[in-house]
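If you read the protein sequences in the order shown, they are chains A and B. The opening residue of the first sequence carries number 410 in our numbering; numbering runs sequentially from there. The opening residue of the second sequence carries number 68 in our numbering; numbering runs sequentially from there.
I should point out that these hints are in silico values taken from the structure, not numbers from a laboratory. Mixed in with the good hints there might be a few duds.
As the list claims (entries may be wrong) - Covered stretches of chain A, as calculated for chain B (at least 3 residues, CB under 8 Å):
(1) 561-575
(2) 616-627
(3) 632-641
Stated by the list, open to error - Okay, the calculated beta carbon distance ranges per label pair:
(4) A:L568 x B:I109: 28 to 34 Å
(5) A:D548 x B:F101: 40 to 46 Å
(6) A:A616 x B:M113: 17 to 23 Å
(7) B:F78 x A:G609: 21 to 27 Å
(8) B:I109 x A:P577: 36 to 42 Å
(9) A:K610 x B:S118: 19 to 25 Å
(10) A:A594 x B:E120: 35 to 41 Å
(11) A:R593 x B:S117: 17 to 23 Å
(12) A:P577 x B:K79: 19 to 25 Å
(13) B:F78 x A:A594: 35 to 41 Å
(14) B:R122 x A:S600: 34 to 40 Å
(15) A:S606 x B:F78: 31 to 37 Å
Predicted model only: the values in this text are computed from it and were never measured. All residues carry an ideal CB built from backbone N, CA and C; glycine is no exception.
Each chain, letter by letter, is given below.
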Amino acid sequence: MADGDRYRVHDSRDELDSTNRMADRGYRLEVDVALRRGDRHCSRPRNPSEFSNRNGKLAETDRSASVKSKHTRGVRGEDRRYSPSPERRGRTSDLTNGALTSEVQGRKTREYAANHVNLAASRLMCFRISGVPLDWSEDDLLGALKAIDPYLRDEMAQLSLYPACSGPTQTALLNLGTYTQYFRALKPNESTYESTSAVGKTKVALALDSHFYDLTPLNTPGDRIVAEFVIFYISYQDLVLMSDWLQCSCGDWPCRPCIWVVEETICG
Amino acid sequence: MWLRDFLPQDFKNIRIMSYGYNSNLVEKIVDDGFLDYRRHFIQMLMNARSSAEVRGQHF
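If we strip away everything but chain B, and leave its shape as in the complex, we get (with noise of 0.2 Å):
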């Protein structure tokens, strides 16, 4: 299988991206938490947003 297939692709106007994070916050190996991930998360998102105005495409 691939992930690719399973894709909508009729609709152009989304974008679609994985988000994956370290397995060993389950583990509780690393000291951060999952509200640090979950902050990580959006400040990643806010970057792909800004970079996205740069490139033209607009939300």
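So that you can see chain A by itself, here it is in the shape it has in the complex (with noise of 0.2 Å):
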């Protein structure tokens, strides 16, 4: 197959399976940018790299994915053009070892993508999960996240479980560097309520959000309680302002005004 082959994509249902196909033998799709600045679907023109993640494939559940399939609307089979990934160009007859290593990192590319977990997102992202019972632990927590969304592992969750500022429950924080599309779907600013169970526990509903409106716990305090440390932040935006000793609201100690700019929201 030289340099500069076309095929043409006659099913639009055969987009992916033919790209996916490509890659998996050493191709690249390449987009003509200049056929795109007439596509009234296109708001700008893309870099033919975001059509292709870091294998030179394309996954359902990518971004990328999202992307191309906005910007391919419209634009004929003809335009489609496969160029050889630069793995390949290096390489001159590769129809035996190199498309057997493409073939299993293809694979295994689609086997993530059926676990629905976005590798290319490992942005940290943070949950809280009120209405935790009492007597439930980590690990109960953990189990019952499970029977919600079968796809999240123990490596990929980071859990703290605290008393609620309020109320007879315990409010946790999860944190997730790699995360499944169950907490992708969480709307940003709606409150998800799960009805669920641990091991040997009774059916309680959780409330999951990442908005952390209103007061949340990030600590296990003592049993007298000398001060309190309250962080305000502003939600989506990458600014969080930290309150110093609640005199202004309480009167009882020293006010010294400090401001943390971190890069993130409530996970840092």
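Can you join these two chains into the complex? Each is in its own frame, and there are hints to help.
Quick look at the structure:
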């Protein structure tokens, strides 16, 4: 197969499979940017590299896939052009070893996509889980979350469980380095209620959110509380304003203003 | 980064919380002003203190 070979795609349902087959063989989809400029559905020309992930493949759960589907709308199959990936350019005949290696990589990528795990988006995500019963441990809660989302794995989740600010419950903070499709689908400004139960525990309704409105506990205080420390933050702004001791609302401790600015929201 | 790692571990008798509010306040989409936001925060804090006293935690 020579450089610059063109492949016609006659059925839009086969676009993804066709692209993945070509990526398996070491070819990368190129998009004619000049053609895109005339597409009324396209807000701006896209770099061809945005249409392929690190393996040169397109996955349904990848963000690039949504970009691709949006920007290939109305583009005829004749405009789709494949070129050798950088790995392929250095090889002369790779229909044996290279193709097998690419096939294995492609299979792994499809397995991850099948698991609904978005590896490309590795940004930390933090969720708040309210309404956890007092007798639940972190393991109980993790088991209940797995019942909600079967694709959640132990190594993905970092849980912190604290007594709720008010009410006889606990509040958990769930930190996900790699998050699943379920948690990606949670709406940022809304709470989601899930009825679940841990092993040997009664069924409860848990509230999951990522907006962190109102008070959220961040530690387990002792019996005698001598100070309160409240972190104010504005959601969806990469800014965290941290107050000092609550002299402003309580009047007992000296007020020393301080502001911390960090890169992300509640997770840091 | 994980915010918990920045919190003090040596002080056992302090309570650390976060308070978030809808950033739509900034965009003036909702009618609630910052005065309501402040009142809401104070009310939430009072509720938290009452709940802590019920649990046997004293100020």
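Here is how each hint holds up against the structure:
no., hint, in the structure
1, 561-575, "holds (count 6)"
2, 616-627, "holds (count 8)"
3, 632-641, "holds (count 10)"
4, A:L568 x B:I109: 28 to 34 Å, "holds, 30 Å"
5, A:D548 x B:F101: 40 to 46 Å, "holds, 42 Å"
6, A:A616 x B:M113: 17 to 23 Å, "holds, 22 Å"
7, B:F78 x A:G609: 21 to 27 Å, "violated, 36 Å"
8, B:I109 x A:P577: 36 to 42 Å, "violated, 23 Å"
9, A:K610 x B:S118: 19 to 25 Å, "holds, 23 Å"
10, A:A594 x B:E120: 35 to 41 Å, "holds, 39 Å"
11, A:R593 x B:S117: 17 to 23 Å, "violated, 37 Å"
12, A:P577 x B:K79: 19 to 25 Å, "holds, 22 Å"
13, B:F78 x A:A594: 35 to 41 Å, "holds, 39 Å"
14, B:R122 x A:S600: 34 to 40 Å, "violated, 24 Å"
15, A:S606 x B:F78: 31 to 37 Å, "holds, 36 Å"
The structure does not agree with the numbered hints 7, 8, 11 and 14 stated previously, though it agrees with the rest.
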